[in-house]
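Protein chains in written order, with our numbering: chain L, 1 to 121; chain Z, 1001 to 1230.
Hints are not guaranteed to be accurate.
[Claimed, not checked] Okay, derived cross-link-like pairs now, SDA-like style, lysine to any residue, Cα gap no bigger than 20 Å in a straight line: (1) L:Lys65 with Z:Gly1029; (2) L:Lys13 with Z:Trp1178; (3) Z:Lys1031 with L:Gly66; (4) Z:Lys1105 with Z:Trp1178; (5) Z:Lys1031 with L:Met73; (6) L:Lys18 with L:Ala77; (7) Z:Lys1102 with L:Asn8; (8) Z:Lys1102 with L:Val7; (9) L:Lys68 with Z:Leu1032; (10) Z:Lys1102 with Z:Asn1184; (11) L:Lys65 with Z:Val1042; (12) L:Lys13 with Z:Ala1110; (13) L:Lys68 with Z:Leu1039; (14) Z:Lys1152 with Z:Met1048; (15) L:Lys68 with Z:Thr1040; (16) L:Lys10 with Z:Leu1106; (17) L:Lys68 with Z:Lys1031; (18) L:Lys10 with Z:Thr1088; (19) L:Lys10 with Z:Gly1103; (20) L:Lys65 with L:Ala77; (21) L:Lys18 with Z:Thr1088; (22) Z:Lys1031 with L:Gly71; (23) Z:Lys1031 with L:Ile75; (24) Z:Lys1031 with L:Val7; (25) L:Lys13 with L:Gly66; (26) Z:Lys1181 with Z:Thr1088; (27) L:Lys13 with Z:Asn1198; (28) Z:Lys1122 with Z:Phe1212; (29) L:Lys68 with Z:Asp1026; (30) Z:Lys1152 with Z:His1138; (31) Z:Lys1122 with L:Phe31; (32) L:Lys13 with Z:Gly1099; (33) Z:Lys1122 with Z:His1165.
[As the list claims (entries may be wrong)] Heads up, incomplete: computed chain Z residues facing chain L, CB under 8 Å, no partners named: (34) Gly1022; (35) Tyr1054; (36) Leu1058; (37) Leu1083; (38) Leu1087; (39) Arg1097; (40) Ala1098.
What the hints contain is simulated information worked out from the structure, not anything from laboratory work. Note that the structure is predicted; figures quoted are calculated from it, not measured. Think of the CB as a built atom: it goes at the ideal place given N, C-alpha and C, for glycine as much as any other residue.
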Amino acid sequence: MGTNTTVNYKEEKVVYYKVLVGLLLLTAVTFVQPHLFMTHSTFLAQMLIAVVKAWLIVIYYMHLKGEKLIGSMVIFALFLVLVFFVIVIGVDVTNFQFGAESYITAPATTGAEHVTAPAHH
Amino acid sequence: MAHAYVPEIAVDREGNEHVVQGWQDDFYGGKLGFWLFMLTEVMMFGGMFLALAYYNTLHPQDFLDASASLNRLLGGTNTVILLISALTMGLGLLKMRAGDVKGSKLMIWATILLAVLFLVIKGFEWTAEYNHGIFLMHGEMLPESTMAFGKKLFFGMYFTMTGLHGFHIIIGIGLMIWLLKRINAGKVSPEHYILHFNIALYWDIVHLIWVFVFPYYYMIGAATGGTSGH
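The shape of chain L in the complex, shown without the other chains (with noise of 0.2 Å):
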């Protein structure tokens, strides 16, 4: 899209509100899902839901719809933050978070489970 292209103001106005009404109803649905369905997989079904709404808002909103450079530079980066992190926390689990001290896991001194818990070191 270059900076002089012209615009159907109509048109894409009718996108704008047609992407609206689609997360509004996402939205709705947000709501009802932990009291109608897949009530046992409620952190599965609203990440779901808030997937679709990002994708809509990506799509249309940020207008991503053909941009091949940049929607592959967003999965590169998101891959890249998995690996760094999966990484990192592996690290993490297994070498600390085991350990006497740790700022993820309650202190050894009030959770009975963790003070008999071996060390991973």
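Use these hints to put chain Z onto chain L, whose structure you have.
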């Protein structure tokens, strides 16, 4: 008065003049650069979400209990407010591209108002939580309190992430006010709207982050709690 681009001229040994390539009107370059910035935002919040997911596997029941205690009514209202603000911002850009500068400015003002409303509601929510002793380094969140450790982690991440998101909202309001000044000065126009385009993109990513923040914090424990929360 719009900025007039004056091309730079280079002269070769034979005295021939050549126009040096200027990149001031490189719309795609401007958009690509801003997307690179937004990817750093995605990586920052993405890392936080992954950390949250990992903590969730360590303390699943505490996370459900803590989520159930949040105010879904206020969180849901803010979700709808951000959703409508994304529309007003998008329509503002559309109006600008179509040549309706006045209509575009009105839409930006509407977005600013909705953003302020979001912050006010968030302020009420945080105040109620503070009064219930739930805030960073306060009351129930202090190390010596009896609150379950997983809940402390959940609320710690909740205040960090919603606080960071709120900070982005404040930055967004500042950017929109700056955009209005640039439009008034004629620096942003239907012919040169890359700044408007990128600020609309910024607002969309702020909305996008909330699309994941809301269900993760407010909805995962919804089956066990009511709607009012704290």
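Exercise. For the pair supplied as a hint, Lys68 of chain L and Leu1032 of chain Z, is the alpha-carbon distance within the 20 Å limit?
Worked result: 12 Å, holds
Exercise. Is the straight-line distance between the alpha-carbon of Lys10 of chain L and that of Thr1088 of chain Z 20 Å or less?
Worked result: Within the cut-off at roughly 15 Å; holds.
Exercise. Within 20 Å, alpha carbon to alpha carbon, are Lys10 of chain L and Gly1103 of chain Z?
Worked result: Holds, at about 14 Å.
For this session: Using Cβ atoms only, decide whether Ala1098 of chain Z comes closer than 8 Å to chain L, and label the hint accordingly.
Result: Constraint on Ala1098 of chain Z satisfied, holds at 4 Å.
Exercise. Is it true that the CA of Lys1122 of chain Z sits at most 20 Å from the CA of Phe1212 of chain Z?
Worked result: Between Lys1122 of chain Z and Phe1212 of chain Z the Cα gap is close to 16 Å, so the pair holds against 20 Å.
Exercise. Holds or violated: Lys65 of chain L with Ala77 of chain L, Cα cutoff 20 Å?
Worked result: 18 Å, holds
Exercise. Are the Cα positions of Lys1031 of chain Z and Gly66 of chain L separated by 20 Å at most?
Worked result: Holds. Lys1031 of chain Z to Gly66 of chain L sits at ~14 Å (cutoff 20 Å).
Problem set entry | Evaluation of the interface hint that places Leu1058 of chain Z against chain L, nearest CB under 8 Å | With a minimum Cβ separation of about 6 Å from chain L (threshold 8 Å), the hint on Leu1058 of chain Z holds.
For this session: For the pair we were handed, Lys1031 of chain Z and Val7 of chain L, check the Cα-Cα distance against 20 Å.
Result: The given pair, whose Cα atoms are some 18 Å apart, holds under the 20 Å limit.
For this session: Would you check the hint for Lys13 of chain L and Trp1178 of chain Z, treating anything up to 20 Å between C-alpha atoms as holding?
Result: Status violated; Cα separation ~25 Å.
For this session: Answer holds if the nearest beta-carbon of chain L is closer than 8 Å to that of Gly1022 of chain Z; otherwise answer violated.
Result: 14 Å, violated
Exercise. If you draw a straight line from the CA of Lys65 of chain L to the CA of Val1042 of chain Z, is it 20 Å or shorter?
Worked result: 19 Å, holds
Hint compliance for this structure: hints 2, 6, 34 are broken, all remaining hints hold.
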